[in-house]
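**Student:** So you can see what is in the structure, the chains are spelled out below.
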Amino acid sequence: QLQLQESGPGLVKPSETLSLTCTVSGGSMNNKTFYWDWIRQSPGKGLEWIGIIYYSGTTYYNPSLESRVTMSRDTSKNQFSLKMTSVTAADTAVYYCARVLSIPSRPVDLWGQGTLVTVSS
Amino acid sequence: DIQMTQSPSSLSASVGDRVTITCRASQTISNFLNWYQHQPGKAPRLVIFAASSLQRWVPSRFSGGGSGTDFTLTISSLQPEDFATYYCQQTFVNPYTFGQGTKLE
Numbered sequence: 001q002l003q004l005q006e007s008g009p010g011l012v013k014p015s016e017t018l019s020l021t022c023t024v025s026g027g028s029m030n031n032k033t034f035y036w037d038w039i040r041q042s043p044g045k046g047l048e049w050i051g052i053i054y055y056s057g058t059t060y061y062n063p064s065l066e067s068r069v070t071m072s073r074d075t076s077k078n079q080f081s082l083k084m085t086s087v088t089a090a091d092t093a094v095y096y097c098a099r100v101l102s103i104p105s106r107p108v109d110l111w112g113q114g115t116l117v118t119v120s121s
Numbered sequence: 001d002i003q004m005t006q007s008p009s010s011l012s013a014s015v016g017d018r019v020t021i022t023c024r025a026s027q028t029i030s031n032f033l034n035w036y037q038h039q040p041g042k043a044p045r046l047v048i049f050a051a052s053s054l055q056r057w058v059p060s061r062f063s064g065g066g067s068g069t070d071f072t073l074t075i076s077s078l079q080p081e082d083f084a085t086y087y088c089q090q091t092f093v094n095p096y097t098f099g100q101g102t103k104l105e
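These protein sequence lines are chains A and B, in that order. FYI, the numbering for the first sequence is 1 to 121, going by the working numbering. FYI, the numbering for the second sequence is 1 to 105, going by the working numbering.
Keep in mind that the hints were calculated from the coordinates and are not lab data. Just to be clear, a hint being listed does not mean it is correct.
[Said to hold, decoys possible] Derived Cβ-Cβ restraints for the label pairs, each shown as a range:
1) Thr-69/B - Tyr-54/A: 23 to 31 angstroms
2) Gly-8/A - Ser-77/B: 40 to 48 angstroms
3) Pro-9/A - Asn-94/B: 25 to 33 angstroms
4) Ser-9/B - Gln-113/A: 46 to 54 angstroms
In this text the structure is predicted, and so the values were computed from the model without any measurement. Glycine included, every Cβ here is placed at the ideal spot set by N, Cα and C.
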């Protein structure tokens with residue numbers, strides 16, 4: 001059964017870059033049936049969509065984060081990644097990587113467990 | 001951005017109750033609406049996609065409806081494992097946005 005696992009530093013200093021990797025296990029991410037998302041949830045708040053990466057490698061980002069975010073993928077390693085520059089305390093959140101069905105409503109049908117990233121000096 | 005407003009924000013219910021959660025979009029989103037269940041300490045799970053399609057693992061007591069701007073998630077007979085926070089999400093326009101959540105307790 002396919003699983004997703006986020007990895008990366010749990011603590012990042014303000015103004016530095018947050019880097020997370022999602023490893024896909026139990027199956028290949030090199031599949032046109034799926035896209036891949038990053039989503040976050042700040043403490044005590046709701047869910048915020050960060051961006052999506054398609055099978056082709058094309059990316060789309062939340063405009064509120066677009067200037068600071070880059071998503072990429074390495075299909076040979078079965079991984080995709082998130083980089084967010086110039087982080088502040090407002091970027092403290094649980095970050096989820098997720099699999100998206102390539103159908104019009106783009107539902108997330110599989111989520112990672114999430115990883116807490118704290119921005120603090 | 002499209003604002004997604006869920007009501008109520010929290011709902012006190014008992015096992016066996018029929019419950020309905022509403023999600024309203026600030027502009028029309030056709031049926032580009034998904035529902036997720038989130039239990040503390042667990043990854044969220046897809047419940048309903050495309051407004052009314054039941055995800056494979058989901059029991060038939062769950063149902064979704066609506067189109068345009070107004071949507072509902074109904075649980076016909078609440079079970080202990082259904083107590084969770086439910087979120088709607090629109091995927092009609094970037095950025096994809098979520099409702100603020102409805103906590104079933």
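**Student:** Now, for every hint given, state plainly whether the structure supports it.
**Tutor:** Each hint tested on the structure:
1. Thr-69/B - Tyr-54/A: 23 to 31 angstroms: Holds, at about 28 angstroms.
2. Gly-8/A - Ser-77/B: 40 to 48 angstroms: holds, 42 angstroms
3. Pro-9/A - Asn-94/B: 25 to 33 angstroms: holds, 28 angstroms
4. Ser-9/B - Gln-113/A: 46 to 54 angstroms: violated, 26 angstroms
Against the hints set out earlier in the document, a violation occurs for number 4 only.
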